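So the sequence lines, in the order shown, correspond to chains R and X. Residue 100 in UniProt numbering sits at position 100 of the first sequence; the count goes up by one each step and never skips. Residue 202 in UniProt numbering sits at position 202 of the second sequence; the count goes up by one each step and never skips.
Calculated directly from the structure, the hints in this document are not laboratory data. Values in this document were obtained by computation on a predicted structure and should not be read as measured data. It is possible that part of the hints are untrue.
What the hints assert, rightly or not - Which bits of chain X does chain R cover? Going by a derived footprint, with three or more residues having C-beta under 8 angstroms, they are:
#	region
1	84-91
2	99-107
What the hints assert, rightly or not - Lysine-lysine pairs mimicking PhoX-like chemistry, simulated, CA-CA at most 20 angstroms apart:
#	chain 1	residue 1	chain 2	residue 2
3	X	248	R	132
4	X	135	R	132
5	X	206	X	185
6	X	206	X	248
7	X	135	X	114
8	X	113	X	139
Note that the Cβ used here is the ideal one computed from N, Cα and C, for glycine as well.
Single-letter residue listing:
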Amino acid sequence: METIVFFMDNLDVILERTLQHIAIVGVAISLAILTGVPIGIAITLNRKAANIVLYVAAIIVTIPSIALFGLMIPILSLIGHGVGYLPAVIAVLLYSQLPIIRNTYTAISNVDPALREAARGLGMTPMQRLMKVEIPLAIPVVMAGVRIAVVMNIGITAIAAYIGAGGLGVFISRGISQTDPRQLITGAVMVSLLAIAADYALMWAQRRLTPASSSSTSASPSNA
Amino acid sequence: MIKLEKLSKVFETPGGGSVIAADQVSMEVNEGEICVLLGPSGCGKTTTLKMINALIPKTSGKITVAGRDVDTLNPVELRRSIGYVIQQIGLFPNMTIEDNICVVPDLLGWDRKKSRSRAGDLLEMVNLDPAIFLKRFPKELSGGQQQRVGVIRALAADPPVLLMDEPFGAIDPINRAVIQDEFLKMQSEIRKTIAFVSHDIDEAIKMADKVAIFKDGKLVQYASPDDLLARPVNDFVTSFVGSDRTLKRLSLLRVGEVMHGDQLRVTAQDEVGKARHLMQEAGHKNIVMVGPQGRARGFLHLNDILEARGTVAEHHNALPSTVHVKDDLRTAVSKMFRHDVSWLACVDDDGFFKGSITQRAISHALGATYRDSAEAAE
Ligand SMILES: Nc1ncnc2c1ncn2[C@@H]1O[C@H](COP(=O)(O)OP(=O)(O)O)[C@@H](O)[C@H]1O
Ligand SMILES: [Mg+2]
Numbered sequence: 001m002e003t004i005v006f007f008m009d010n011l012d013v014i015l016e017r018t019l020q021h022i023a024i025v026g027v028a029i030s031l032a033i034l035t036g037v038p039i040g041i042a043i044t045l046n047r048k049a050a051n052i053v054l055y056v057a058a059i060i061v062t063i064p065s066i067a068l069f070g071l072m073i074p075i076l077s078l079i080g081h082g083v084g085y086l087p088a089v090i091a092v093l094l095y096s097q098l099p100i101i102r103n104t105y106t107a108i109s110n111v112d113p114a115l116r117e118a119a120r121g122l123g124m125t126p127m128q129r130l131m132k133v134e135i136p137l138a139i140p141v142v143m144a145g146v147r148i149a150v151v152m153n154i155g156i157t158a159i160a161a162y163i164g165a166g167g168l169g170v171f172i173s174r175g176i177s178q179t180d181p182r183q184l185i186t187g188a189v190m191v192s193l194l195a196i197a198a199d200y201a202l203m204w205a206q207r208r209l210t211p212a213s214s215s216s217t218s219a220s221p222s223n224a
Numbered sequence: 001m002i003k004l005e006k007l008s009k010v011f012e013t014p015g016g017g018s019v020i021a022a023d024q025v026s027m028e029v030n031e032g033e034i035c036v037l038l039g040p041s042g043c044g045k046t047t048t049l050k051m052i053n054a055l056i057p058k059t060s061g062k063i064t065v066a067g068r069d070v071d072t073l074n075p076v077e078l079r080r081s082i083g084y085v086i087q088q089i090g091l092f093p094n095m096t097i098e099d100n101i102c103v104v105p106d107l108l109g110w111d112r113k114k115s116r117s118r119a120g121d122l123l124e125m126v127n128l129d130p131a132i133f134l135k136r137f138p139k140e141l142s143g144g145q146q147q148r149v150g151v152i153r154a155l156a157a158d159p160p161v162l163l164m165d166e167p168f169g170a171i172d173p174i175n176r177a178v179i180q181d182e183f184l185k186m187q188s189e190i191r192k193t194i195a196f197v198s199h200d201i202d203e204a205i206k207m208a209d210k211v212a213i214f215k216d217g218k219l220v221q222y223a224s225p226d227d228l229l230a231r232p233v234n235d236f237v238t239s240f241v242g243s244d245r246t247l248k249r250l251s252l253l254r255v256g257e258v259m260h261g262d263q264l265r266v267t268a269q270d271e272v273g274k275a276r277h278l279m280q281e282a283g284h285k286n287i288v289m290v291g292p293q294g295r296a297r298g299f300l301h302l303n304d305i306l307e308a309r310g311t312v313a314e315h316h317n318a319l320p321s322t323v324h325v326k327d328d329l330r331t332a333v334s335k336m337f338r339h340d341v342s343w344l345a346c347v348d349d350d351g352f353f354k355g356s357i358t359q360r361a362i363s364h365a366l367g368a369t370y371r372d373s374a375e376a377a378e
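Model the full structure from these sequences, guided by the hints.
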């Protein structure tokens with residue numbers, strides 16, 4: 001009951017911190033797509049490179065977020081951004097690499113060799129093959145990777161409150177330090193709701209971007 | 001139109017060895033002909049085919065397509081100028097049928113309106129309704145329909161040359177026969193120069209103007225289907241074409257080529273005596289009765305009318321069956337067995353009597369090439 005009252009009294013702050021949260025995750029994921037997708041495509045050309053890149057990306061994910069923030073403070077202090085928005089964005093960017101690179105790599109490598117052969121045989125250049133065939137076919141799987149990254153990083157961003165990045169994590173960190181369950185619950189619930197909402201929105205986008213052919217499971221072949 | 005000169009391909013294998021997939025292959029496919037590259041799995045058919053459009057780089061030799069040495073051409077442009085059909089069909093699942101058909105015209109920068117209207121025309125050519133199919137996705141089509149689209153996609157930019165790698169291999173036998181027939185009908189209009197890979201001797205005999213038989217990367221025999229069946233050059237070809245090769249030739253020969261034309265005939269009003277006289281004079285046991293226009297109506301058997309009087313009309317028998325001059329000998333033989341007769345009257349589209357065909361004449365025709373080759377060998 002108290003929590004609801006707190007919630008209603010602080011709608012403006014909640015909205016502000018939600019937007020901060022979205023700004024961190026949104027910007028970082030956009031940058032992660034811009035880096036991860038090309039890397040994922042590039043490593044399909046070389047198996048060895050693929051193994052190394054995927055290994056490094058997997059190691060990054062195992063670093064606890066608190067440790068990662070701690071590591072970035074001395075480095076980013078050199079340009080005067082040891083704490084705040086920038087390290088938060090960088091952390092999310094790094095954590096997102098694994099799901100995005102891995103899904104892109106898997107999707108492109110799994111394109112049916114017959115399609116690749118048809119594309120070559122009909123006279124597509126490697127770039128045309130990528131743009132007209134491989135990427136369109138990879139989009140649903142890449143989007144699934146983006147969804148995983150978004151949901152995972154909405155949680156991680158909550159911790160970025162400790163390095164002054166703002167966002168919904170502020171409710172949680174203050175709730176803990178002030179032993180105020182109202183703030184704690186508000187923060188936790190909002191982070192969860194945001195994650196669920198983002199997941200649904202991206203699932204919808206994923207469906208929209210999937211060619212009709214691959215989504216229609218009930219395609220009934222008529223007689224030849 | 002497609003000329004291969006001493007074409008070879010050596011694959012290096014990971015173990016340090018090498019495989020000679022094509023060994024000094026020389027052959028020429030004439031303009032407007034279908035050449036079937038035939039042979040057991042692994043004999044180098046696909047490798048040979050893919051060297052033509054530079055999907056596989058050749059080790060040595062020369063390839064000329066439409067008078068141009070392919071080495072002098074950009075591989076991407078070369079491929080756009082040659083139609084290509086693969087067994088797995090390879091329609092792009094992210095594109096509509098229309099966009100799939102228009103892939104090459106789009107790559108070539110054709111006017112969109114022109115290519116889209118051509119896509120509709122091509123669909124009609126393979127009996128698929130453009131109104132239904134243009135906007136569908138490949139998965140919404142049956143295997144046979146997809147394969148038809150695969151073929152017309154290769155034809156979209158109207159290339160003079162078509163390469164087909166087991167194009168009908170993934171389709172069930174009944175639909176395959178239908179698509180083969182459709183394709184032959186289409187080919188009789190479009191007259192493309194086609195290299196067609198198959199491992200099926202029956203498909204080769206049906207589709208080919210020329211057959212190239214491969215073994216271990218070597219071209220063993222290059223001949224017309226009838227020549228191949230009548231005169232296989234060695235034991236490998238003999239066993240590959242099968243012990244029933246003589247029967248297979250039945251489907252290559254037409255009734256019109258084997259029948260006795262210019263037949264004796266009588267009309268319904270003729271006297272039986274005239275029929276008897278004509279048969280005795282020619283040494284025939286049967287004579288066909290024709291109608292006023294010359295359509296085959298019935299027949300008389302000599303033994304039945306030795307003592308008979310009156311008109312032919314009073315004594316004639318119904319014809320058990322007739323055979324069209326354009327039918328193949330298989331059809332003729334099948335009808336003979338079905339009706340237990342040793343001869344059939346041959347007719348044209350309008351039912352006009354053109355001649356008769358006998359079992360003797362058929363076995364003579366099948367045997368003729370053997371005797372020819374036996375004599376030539378002596
Ligand atoms: N990329 C490759 N690397 C090594 N060997 C190959 C390669 N492609 C084909 N071969 C070998 O070359 C031979 C001919 O293959 P292919 O032309 O595909 O035969 P076919 O189409 O007649 O079945 C086979 O022995 C095959 O194993
Ligand atoms: Mg093959």
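Each hint, compared with the structure:
1. Note: the region 84-91 of chain X has 6 residues with beta-carbon separation from chain R under 8 angstroms; the three-residue rule is met and the coverage holds.
2. Coverage of the region 99-107 of chain X by chain R holds. Counting CB-CB distances below 8 angstroms, 3 residues qualify, and the rule asks for three or more.
3. Annotation: proposed proximity of residue 248/X to residue 132/R is violated, straight-line Cα distance about 46 angstroms (limit 20 angstroms).
4. As the CA atoms of residue 135/X and residue 132/R are separated by approximately 18 angstroms, the hinted pair is consistent with the 20 angstroms bound.
5. Restraint check for residue 206/X and residue 185/X: the C-alpha separation of about 12 angstroms stays at or below 20 angstroms, so the hint holds.
6. The hinted pair formed by residue 206/X and residue 248/X meets the criterion: a straight-line CA distance of about 10 angstroms does not exceed 20 angstroms.
7. As the CA atoms of residue 135/X and residue 114/X are separated by approximately 17 angstroms, the hinted pair is consistent with the 20 angstroms bound.
8. Under the criterion of a C-alpha separation no larger than 20 angstroms, the hint pairing residue 113/X with residue 139/X is inconsistent with the structure, at around 25 angstroms.
Consistency with the previously given hints fails for numbers 3 and 8, ordered from lowest to highest.
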